[in-house]
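Protein chains: 2
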Amino acid sequence: MKNSDLNADKVYENGGIGGGCDDDVVLGVDGGTTSTVCVCMPLLPLISSNQNLPNPLPILARAVAGSSNHNSVGESASKDTLEKVMSEALSKSGSNWSAVRAVCLGVSGVNHPTDQDRIIHWLRDIFPSHVKLYVHNDALAALASGTMGKLHGCVLIAGTGTISYGFSKDGREARSAGAGPVLGDWGSGYGIAAQALTAVVRAHDGRGPQTALTDCILKALSLSSPDELIGWTYADPSWARIAALVPDVVSCAESGDQIAHKILVDAVQELALSVKAVVQRLSLCGADGNGSFPVVMVGGVLEANKSWDIGKEVINCIHKLYPGAYPVRPEVEPAVGAALLAWNFLVKESERHHNS
Amino acid sequence: MKNSDLNADKVYENGGIGGGCDDDVVLGVDGGTTSTVCVCMPLLPLISSNQNLPNPLPILARAVAGSSNHNSVGESASKDTLEKVMSEALSKSGSNWSAVRAVCLGVSGVNHPTDQDRIIHWLRDIFPSHVKLYVHNDALAALASGTMGKLHGCVLIAGTGTISYGFSKDGREARSAGAGPVLGDWGSGYGIAAQALTAVVRAHDGRGPQTALTDCILKALSLSSPDELIGWTYADPSWARIAALVPDVVSCAESGDQIAHKILVDAVQELALSVKAVVQRLSLCGADGNGSFPVVMVGGVLEANKSWDIGKEVINCIHKLYPGAYPVRPEVEPAVGAALLAWNFLVKESERHHNS
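Just so you know, the protein sequences line up as chains Y and Z, in that order.
Its first residue numbered 1, the first sequence is counted upward by one per residue in full-length UniProt numbering.
Its first residue numbered 1, the second sequence is counted upward by one per residue in full-length UniProt numbering.
Be aware that a few hints might be false.
Treat identical chains as interchangeable: a pair holds within one or across any two.
List of simulated lysine to aspartate or glutamate pairs, DMTMM-like, C-alpha gap at most 25 Å [as the list claims (entries may be wrong)]:
| # | residue 1 | residue 2 |
| --- | --- | --- |
| 1 | 219 | 115 |
| 2 | 92 | 333 |
| 3 | 92 | 24 |
| 4 | 276 | 227 |
| 5 | 169 | 227 |
| 6 | 276 | 228 |
| 7 | 132 | 88 |
What the hints contain is simulated information worked out from the structure, not anything from laboratory work.
Computed from a prediction, not measured in an experiment: that's the story for all the values here.
Turn these sequences into a full structure, and let the hints guide you.
Below is the structure:
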């Protein structure tokens with residue numbers, strides 16, 4: 001009998017991992033700029049982190065709240081939102097704070113160790129010291145939603161914003177982009193749409209060639225002249241409002257507009273470059289460059305299933321560089337990925353404990 | 001005796017132009033995004049708009065207030081600011097509303113005929129119908145500050161933002177850029193600095209080459225890592241705060257940093273392209289392409305007198321395209337340009353009147 005099988009019995013006996021109760025739970029939180037999702041899962045009765053997960057996953061409850069990005073809403077509101085969404089998920093599960101064994105928070109806007117420390121500090125007011133806490137950028141939850149809780153590979157998120165995040169098997173991590181539109185996230189939905197708006201203005205004032213984007217975007221926004229784009233753009237600084245024009249840019253490219261086509265080609269290059277930077281720094285492709293690793297693809301820009309498919313083009317670019325890269329489109333939401341991560345940390349902790 | 005000489009007597013007799021009083025004045029307003037300046041000038045006792053202006057110009061008073069860009073502060077505050085600054089300039093001049101014969105307002109954010117109409121509408125509550133009102137973008141005041149009140153040529157403004165504006169002798173006008181950073185004003189101070197910040201982030205995360213901009217900008221902002229740039233950038237959305245980094249970019253380019261050099265070269269191309277678009281649309285260079293016209297150069301980005309001189313490079317680019325273009329660095333401020341325009345409108349009106 002292998003060591004892990006012995007552990008398995010122990011896990012089953014306790015209805016979970018090493019010394020817990022039947023009712024013990026883990027929480028996974030995906031804290032985005034527009035909304036925050038928390039899921040509550042029971043401790044999965046599994047032997048080790050290498051075994052297959054049950055299908056469907058036993059989700060006890062799901063709760064949704066507003067933004068928890070401290071850059072957007074401030075620290076106090078971010079804290080309140082996170083606490084509220086966890087409390088609601090526990091309550092819906094018929095559970096409570098004392099049943100929590102591990103929490104994984106992937107929160108947008110966590111870009112620096114001081115951000116992590118601050119959040120862990122106030123989480124400790126809620127959770128006693130035996131509860132495992134893991135706080136990271138929301139990209140972590142997105143990666144885990146594709147790898148089902150494994151911290152290995154690269155995630156590329158391209159929605160309103162864009163970021164690449166990667167983890168190596170030996171625990172190193174790296175990110176690329178995710179710095180917002182001012183700092184050059186040009187492959188993001190906002191970046192693509194801003195380039196398209198710019199092309200319209202430049203065509204109008206004589207700095208650039210004419211483009212079908214003009215009619216298409218003016219129609220989409222119910223405006224009568226490119227002059228009105230200035231007022232429209234600055235009337236509301238929301239990046240999502242501008243990023244919502246991406247489908248119009250894709251339509252124009254599909255209709256053969258060369259300016260729209262070029263904007264999308266450039267975005268594809270930017271997104272692939274962002275993944276490349278992470279893969280290189282972590283040597284995810286191994287010494288020979290052919291090593292296998294997942295690239296988790298998340299976000300509206302990559303999910304368009306049109307004839308001009310940005311996600312497919314990005315994968316093609318990445319494949320040319322790294323033949324062992326395989327794309328993954330997640331089947332669960334990032335909050336579930338975060339909960340699986342929380343559970344995986346417990347499993348590893350338990351394995352370490354029983355092997356020591 | 002020429003017709004214009006006859007008019008001249010008439011002008012002198014009335015202490016101004018056609019039928020005014022000795023105490024009549026004109027107002028010139030330069031309404032910017034950061035401040036608004038109003039100057040009050042007496043009616044200049046001149047024969048026609050072709051005669052030399054007195055030197056120094058007889059400025060009765062100057063008043064300063066905050067922003068009057070309706071996009072920044074809202075319409076009501078913009079109106080209050082404009083009214084207040086005019087009232088203060090009149091009061092300092094020992095004058096009053098009823099002495100005003102003409103007003104020229106160059107207001108930032110006036111991008112559309114509806115903007116002009118709105119401002120003229122409420123100006124009519126203050127000024128009776130015989131007072132000449134002229135409302136335009138603030139670029140007009142900047143042009144007039146270089147041409148001393150003549151509406152001919154092209155002005156290139158490159159400070160925090162950038163815009164090109166031109167007027168042909170037959171009264172046509174055209175603009176280029178001036179649409180803000182989202183809409184591609186890449187030659188602006190904000191555009192240059194944002195490219196530099198982007199280069200630092202890209203070097204840091206592996207998407208771009210290393211650059212001296214990293215040390216230079218982190219030092220300027222008292223930050224310890226490029227990761228902190230994200231928080232710094234989004235802590236305050238003011239464009240001027242980012243544009244203030246332009247001298248650091250210029251320093252790096254002067255020290256031989258190729259990334260900084262490339263950013264400035266690109267900005268020069270953008271600024272020259274913006275002037276070119278206006279010149280082409282208005283045929284300012286004449287049928288043979290060699291016609292003479294002024295290019296008024298305004299704003300911090302063009303005024304740097306360093307070994308890497310953006311303004312000089314822009315002029316070189318423009319000269320290659322249009323040998324007859326001659327650069328003008330204004331010797332008076334834009335509000336004075338606006339006042340001279342107001343006076344010029346009266347002269348022309350008077351000339352039309354006496355010639356009819």
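Here's how the hints hold up against the structure:
Only between protomers do residue 219 and residue 115 lie at most 25 Å apart by alpha-carbon distance; the minimum there is 22 Å, versus 42 Å within a single protomer. Taking CA atoms no more than 25 Å apart as the test, residue 92 paired with residue 333 passes inside one copy only; the shortest distance there is 18 Å, against 67 Å between copies. Only within a single protomer do residue 92 and residue 24 lie at most 25 Å apart by alpha-carbon distance; the minimum there is 15 Å, versus 77 Å between protomers. In this assembly of identical chains, residue 276 and residue 227 lie within 25 Å of each other by CA distance solely across copies; the values are 19 Å between and 39 Å within a copy.
Proximity of residue 169 to residue 227 under the C-alpha cut-off of 25 Å is restricted to the inter-copy arrangement: shortest distance 24 Å between copies versus 52 Å within a copy. Taking identical chains as interchangeable, the C-alpha atoms of residue 276 and residue 228 lie at most 25 Å apart only when they sit on different chains, with a minimum of 23 Å there against 39 Å within one chain. Within a single copy, residue 132 and residue 88 get their C-alpha atoms as close as 20 Å, which meets the 25 Å cut-off; across copies the closest is 66 Å, which misses it.
In the structure shown, no violation is registered for any of the earlier numbered hints.
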